[in-house]
Amino acid sequence: MTTMDTLVPFAEALDRYEPVIGLETHVELGTRTKMFCGCTTVFGGEPNSQVCPVCLGLPGSLPVVNRMAIEYAIRIGLALDCSIASWCRFARKNYFYPDMPKDFQISQYDEPLCTNGWLDVPVDGVIVRVGIERVHLEEDTGKSLHVGGATGRIHGADYSLVDYNRAGIPLVEIVTKPIEGTGAAAPEVARAYVTELRDLVRALGVSDVRMEEGSLRCDVNTSLAPRGSDRWGTRTETKNVNSLRSVERSVRFEIERQAAVLDAGGRVIQETRHFHEDTGSTTSGRSKEEAQDYRYFPEPDLVPVAPSDEWVAQIRAALPEPPAARRARLQAEWGLSDADMAALNAEALDLVAETVAAGASPADARKWWLQELARRANETGTELARLAITPAQVARIADLVATGTLNDRLARDVIDAVLAGEGDPDQVVAARGLAVVSDEGALTAAADEAIAANPDVADKVRDGKVAAVGPLVGAVMRATGGKADAARVRELILERLGQS
Numbered sequence: 002m003t004t005m006d007t008l009v010p011f012a013e014a015l016d017r018y019e020p021v022i023g024l025e026t027h028v029e030l031g032t033r034t035k036m037f038c039g040c041t042t043v044f045g046g047e048p049n050s051q052v053c054p055v056c057l058g059l060p061g062s063l064p065v066v067n068r069m070a071i072e073y074a075i076r077i078g079l080a081l082d083c084s085i086a087s088w089c090r091f092a093r094k095n096y097f098y099p100d101m102p103k104d105f106q107i108s109q110y111d112e113p114l115c116t117n118g119w120l121d122v123p124v125d126g127v128i129v130r131v132g133i134e135r136v137h138l139e140e141d142t143g144k145s146l147h148v149g150g151a152t153g154r155i156h157g158a159d160y161s162l163v164d165y166n167r168a169g170i171p172l173v174e175i176v177t178k179p180i181e182g183t184g185a186a187a188p189e190v191a192r193a194y195v196t197e198l199r200d201l202v203r204a205l206g207v208s209d210v211r212m213e214e215g216s217l218r219c220d221v222n223t224s225l226a227p228r229g230s231d232r233w234g235t236r237t238e239t240k241n242v243n244s245l246r247s248v249e250r251s252v253r254f255e256i257e258r259q260a261a262v263l264d265a266g267g268r269v270i271q272e273t274r275h276f277h278e279d280t281g282s283t284t285s286g287r288s289k290e291e292a293q294d295y296r297y298f299p300e301p302d303l304v305p306v307a308p309s310d311e312w313v314a315q316i317r318a319a320l321p322e323p324p325a326a327r328r329a330r331l332q333a334e335w336g337l338s339d340a341d342m343a344a345l346n347a348e349a350l351d352l353v354a355e356t357v358a359a360g361a362s363p364a365d366a367r368k369w370w371l372q373e374l375a376r377r378a379n380e381t382g383t384e385l386a387r388l389a390i391t392p393a394q395v396a397r398i399a400d401l402v403a404t405g406t407l408n409d410r411l412a413r414d415v416i417d418a419v420l421a422g423e424g425d426p427d428q429v430v431a432a433r434g435l436a437v438v439s440d441e442g443a444l445t446a447a448a449d450e451a452i453a454a455n456p457d458v459a460d461k462v463r464d465g466k467v468a469a470v471g472p473l474v475g476a477v478m479r480a481t482g483g484k485a486d487a488a489r490v491r492e493l494i495l496e497r498l499g500q501s
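Under my numbering, think of the first position of the sequence shown as 2, with each following residue one higher.
If you are wondering where the hints come from, they were derived from the structure by calculation, not from laboratory data. Computed from a prediction, not measured in an experiment: that's the story for all the values here. The reader is advised that the hints may include incorrect statements.
Straight-line alpha carbon distances no greater than 27 Å define the calculated BS3-like cross-link-like pairs of lysine-lysine that follow [claimed, not checked]:
1. K144 to K103
2. K240 to K144
3. K240 to K103
4. K240 to K178
Label-pair distances were calculated between CB atoms; the ranges are [as the list claims (entries may be wrong)]:
5. N49 to R17: 45 to 53 Å
6. Q271 to R17: 38 to 46 Å
7. I128 to F97: 39 to 47 Å
8. D341 to P99: 45 to 53 Å
9. Y96 to A186: 31 to 39 Å
10. E272 to S309: 41 to 49 Å
11. E334 to G434: 31 to 39 Å
12. A386 to W312: 30 to 38 Å
Using N, Cα and C, we set each Cβ at its ideal position, and we do this for glycine too.
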């Protein structure tokens, strides 16, 4: 068995082997009800509180297709330039796990809804076109909870429980064609693809694609072929990788592990593998089934799905601007460099765009969201979009700074108060008395007091050492509780010391 100590260094592995990768991405659709019944799909409910005879697979219960799920899947397929089937049907995929209440999964097999598309993915300034094999619908499984032990997995657990709340949630599986020819960039291509796909699905409004909640999960296939060979190697499938970073790390590890196996004269086993976040390694799961092992056959309780050309055309006409095109447009409109644009992930980009639409400049919107608010989100472990402040409120704070009512320090106090639920920015300014001191008489008096209290510093400034004025400005800012305009205070002090 290959251990982390016997891995082949990544660069060395790529000298002898060419990687081929493929990704199967599972997206839980935000339809509010399950695929074949009316149970709710709200995340975080009490275990087994969102179930019914249909999603529990009880005898005599019959499924009914969720029309919105069909529409959402078509929306994804169109956005990926897929062909949409005029007729398709569901099948039964038979396998036996505790989290499968019926002991089979209703899925699509040889007649998927969407086929043969592509997605362009930016990787280090180069566009990689990833082919899409299929986009098909299925129902999600339940969730096994292994109690006791150190890993949360079944091995070493004291006992296991099953939560069927997730069973029956509409799930779209997006399967790529084999991605060849990427060489050493294969791990980065895998991560970039999932990132771009996540942004696309999010823009379509069909899922919140929160990897930490399981609404976006990825299975990563990796194989190695000796350079110059005309045959692909045996692939492994790393299951349920739940972060973008882990997608990249899992590909890199499998390349190093498989190279070590091949170099030692062994053979790579076709199997599923588990990824371990703490070590960045994968371990063996189970042998990988082929299609015939699942004994697919048409689902007898569901009629075929036949979306009309008119319906598909309506869905196509309502598609939003693709994320890549939107990024390019906003970058041009805002005059941002490639580096500045790269700092805006999809979530931050939406917030900045909404703040600009509410009246802020692009520079101010980026400043407040990417600096002050991003820091607060990191400190509290909160997603940026879930902070208790709206783009309109951020735009108002930026306006209060631009018009001189607030300075940056006071604006940060206002942000804290808005996040604490004390009201809108104007209400906070009024309630806390946070407006900038603009009374010239009061500022002049404070400047004179600072000069009198710091004669040595004042003499240096009088002698032409203008850079020494900082402590005097600081004294005035402290005297005014940070409510003065620092630039105006500096001007006043220099005027009083004959350096204007």
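Going through the hints against the structure:
1. K144 to K103: holds (14 Å)
2. K240 to K144: holds (14 Å)
3. K240 to K103: holds (22 Å)
4. K240 to K178: holds (17 Å)
5. N49 to R17: 45 to 53 Å: holds (51 Å)
6. Q271 to R17: 38 to 46 Å: At 21 Å between Cβs, range violated.
7. I128 to F97: 39 to 47 Å: Distance hint for I128, F97 holds at roughly 43 Å.
8. D341 to P99: 45 to 53 Å: Check passed, 49 Å falls within 45 to 53 Å.
9. Y96 to A186: 31 to 39 Å: holds (35 Å)
10. E272 to S309: 41 to 49 Å: At 43 Å between Cβs, range holds.
11. E334 to G434: 31 to 39 Å: Holds: the Cβ-Cβ distance is about 38 Å, inside 31 to 39 Å.
12. A386 to W312: 30 to 38 Å: holds (32 Å)
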